[in-house]
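These protein sequence lines map, in sequence, to chains A and B.
The first sequence: position 116 = 116 (our numbering), numbered continuously.
The second sequence: position 125 = 125 (our numbering), numbered continuously.
It is possible that part of the hints are untrue.
Estimated spans, in silico, between C-beta atoms of each pair [to be verified]: (1) A/107 x B/84: 22 to 28 Å; (2) A/63 x B/95: 43 to 49 Å; (3) B/121 x A/101: 39 to 45 Å; (4) A/179 x B/127: 29 to 35 Å.
Bear in mind the hints are in silico, worked out from the structure with no lab data behind them.
Positions of the beta carbon are idealized from the N, C-alpha and C atoms, including for glycine.
So the chains spell out like this:
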Amino acid sequence: MDLLITPFSNNSFMLQALTAGILVSIACAIAGTFVILRGLAFIGDALAHGVLPGIAVAILVGFPGILGAAIGAAFMIGGITLITRRSRLSSDTAIGLLFIGMLSLGVVIVSRSNSFSGDLTRILFGEILGISTRSILIQLITTIIIAAIAIICARPFLLLSFDPEQAQVAGFSARFYHNIMLFMVAATVIVSFQTVGTLLVFGLLIAPAGAGALLARRIEVMIAWAILFGILSMYSGLLISYYFNLAAGASVILVTVLIFFIVFTIQNIRHRRLVHPRELKHV
Amino acid sequence: MYNQGKAFASPKNPGALCIQTRALDIGYADEVVVADINFELRPGEAIALIGTNGCGKSTLLKTIVGLLPLLGGHLSVFGAPPGNTPSRIAYLGQFHASGFVLPIRTTDAVRMGRFPLYGLWKRMGRQDDDIIFSAMRTMGIEKLADSPLRSLSGGQQQRTYIAQVLAHQADLLVLDEPTSGLDAGGRELYLQAINNELRRGASIIVATHDIQEEAALCHQVMLLARKVVAIGAPQDVITPEALLKTFGIVVTGDKRLQVIETKHGHGGSGPPDVTQEEH
Chain A
1 MDLLITPFSN
11 NSFMLQALTA
21 GILVSIACAI
31 AGTFVILRGL
41 AFIGDALAHG
51 VLPGIAVAIL
61 VGFPGILGAA
71 IGAAFMIGGI
81 TLITRRSRLS
91 SDTAIGLLFI
101 GMLSLGVVIV
111 SRSNSFSGDL
121 TRILFGEILG
131 ISTRSILIQL
141 ITTIIIAAIA
151 IICARPFLLL
161 SFDPEQAQVA
171 GFSARFYHNI
181 MLFMVAATVI
191 VSFQTVGTLL
201 VFGLLIAPAG
211 AGALLARRIE
221 VMIAWAILFG
231 ILSMYSGLLI
241 SYYFNLAAGA
251 SVILVTVLIF
261 FIVFTIQNIR
271 HRRLVHPREL
281 KHV
Chain B
1 MYNQGKAFAS
11 PKNPGALCIQ
21 TRALDIGYAD
31 EVVVADINFE
41 LRPGEAIALI
51 GTNGCGKSTL
61 LKTIVGLLPL
71 LGGHLSVFGA
81 PPGNTPSRIA
91 YLGQFHASGF
101 VLPIRTTDAV
111 RMGRFPLYGL
121 WKRMGRQDDD
131 IIFSAMRTMG
141 IEKLADSPLR
151 SLSGGQQQRT
161 YIAQVLAHQA
171 DLLVLDEPTS
181 GLDAGGRELY
191 LQAINNELRR
201 GASIIVATHD
211 IQEEAALCHQ
221 VMLLARKVVA
231 IGAPQDVITP
241 EALLKTFGIV
251 VTGDKRLQVI
261 ETKHGHGGSG
271 PPDVTQEEH
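Required output: the full structure, derived from the provided sequences and hints.
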């Protein structure tokens with residue numbers, strides 16, 4: 001039992017990491033739930049990478065990285081909105097190019113830095129063991145805001161996930177609430193990148209909520225599962241990295257993905273004889 | 001028997017028109033699908049839209065609920081531009097993209113029908129639970145109340161969506177092919193339900209392929225084939241001649257004749273077989 005607790009009680013940096021990790025897990029669980037229900041996975045991924053040049057510039061100039069991330073995310077959301085509205089091409093193509101462009105731009109900017117690979121590694125994979133108390137405070141506030149948004153917008157978000165047209169006819173502007181949802185995802189990415197990095201935050205956004213979606217019959221329950229899985233992987237990932245001297249952020253993400261596939265496999269075995277609803281539709 | 005509905009004008013706005021159009025043009029951004037539509041819908045009455053796939057039925061319904069802008073002319077819904085009275089309008093579209101992923105129970109889906117009445121904040125009460133349950137019972141799905149929506153069959157899901165519309169207790173029901181995917185029992189329950197809605201004083205505009213039962217029960221029928229072929233009482237409008245115009249030969253804009261044979265499979269999904277001939 002001691003082996004499971006002492007790494008955190010004896011090391012303040014481990015405790016800080018766990019605190020930050022739990023906050024980030026909650027934010028990611030809420031935002032990730034709607035990313036999955038609204039089919040925004042690709043946009044979420046694009047957002048996570050689009051913040052890179054912002055962070056890179058901030059690091060070069062000596063600004064807080066979180067500010068640069070916010071600017072990068074704002075630029076990315078603007079770009080995505082413009083593309084989705086204007087493009088006759090499948091917007092996937094344009095968004096994909098936008099995000100790979102932003103990623104490259106970020107790497108190009110970082111390459112001007114004196115400690116190129118060090119900085120890049122920190123941005124892409126996070127520095128969960130070097131989280132400051134100030135960052136934790138920002139994460140706490142953001143997580144509260146994200147939870148508040150999810151509670152206040154529960155009805156329009158549910159309608160939007162069900163059918164955007166239904167939301168619009170019911171008097172909830174589909175575009176407005178869609179943008180609020182994008183803002184929520186962006187805010188999550190911005191405060192999470194320090195913990196697990198821009199490359200891995202997507203995993204924390206999708207994997208716990210995805211496992212929750214497999215288990216839950218109601219959205220509230222799905223979010224609860226996602227929070228549970230997120231915190232569980234944060235805790236065990238940190239523990240694994242502590243004992244085996246492995247990269248912390250990546251260990252955490254590995255555990256979340258592992259949990260997803262365990263749930264996925266168990267569900268598949270249990271429902272093997274059940275016909276998929278898509279097939280039932282034609283009966 | 002549906003004419004009984006006339007005696008029960010909407011209590012909120014007696015005598016006022018639900019829908020009024022003058023020279024209305026509908027369509028998408030750069031293409032007019034149907035031009036010059038003129039009709040009125042009074043409280044407690046029903047109008048059926050009939051025509052092949054792509055004739056403009058869904059476009060008209062989407063314009064009425066405010067999902068598409070009008071391209072010309074005039075349209076007022078409860079005396080206001082479309083989209084301004086969400087609390088009075090229930091809409092059943094043709095597609096629900098997320099029906100398979102979304103982790104909600106049947107009863108949660110039906111409950112959504114009452115959101116327009118309560119906005120973001122206002123709490124729902126015992127009375128709402130009763131209305132939601134009774135809507136599910138009307139469509140015969142009350143036993144599935146706690147089942148996950150995604151585990152239901154297509155027909156059961158369609159019943160759920162109809163129950164969602166009924167739970168709203170709206171003044172105007174806008175229904176796009178509500179009987180598609182329903183079995184005989186489901187259609188029976190649905191016809192009963194819209195009968196009750198009309199008697200309650202609600203109005204209905206419904207796109208349908210069911211000329212035999214559903215359209216014949218409406219006060220007005222509009223035949224659409226990328227233009228208004230005919231509009232009037234069912235017995236006047238549903239004639240072999242008019243049906244031939246609606247489903248048989250369609251004159252398109254580029255002065256070619258399109259001979260369309262529609263296969264009226266159940267649910268009417270899939271495009272009609274189209275052969276084009278130069279004339």
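Checked hints:
Distance hint for residue 107 of chain A and residue 84 of chain B: a CB-CB separation of about 50 Å, inconsistent with the stated range 22 to 28 Å. Judged by the Cβ atoms, the range 43 to 49 Å given for residue 63 of chain A and residue 95 of chain B holds: they are separated by roughly 46 Å. Range check, residue 121 of chain B to residue 101 of chain A: Cβ separation about 42 Å, and the 39 to 45 Å hint holds. Between residue 179 of chain A and residue 127 of chain B the Cβ separation comes to about 34 Å, which falls inside the hinted range of 29 to 35 Å.
Figure legend: structure checked against the earlier numbered hints; the only hint not met is number 1.
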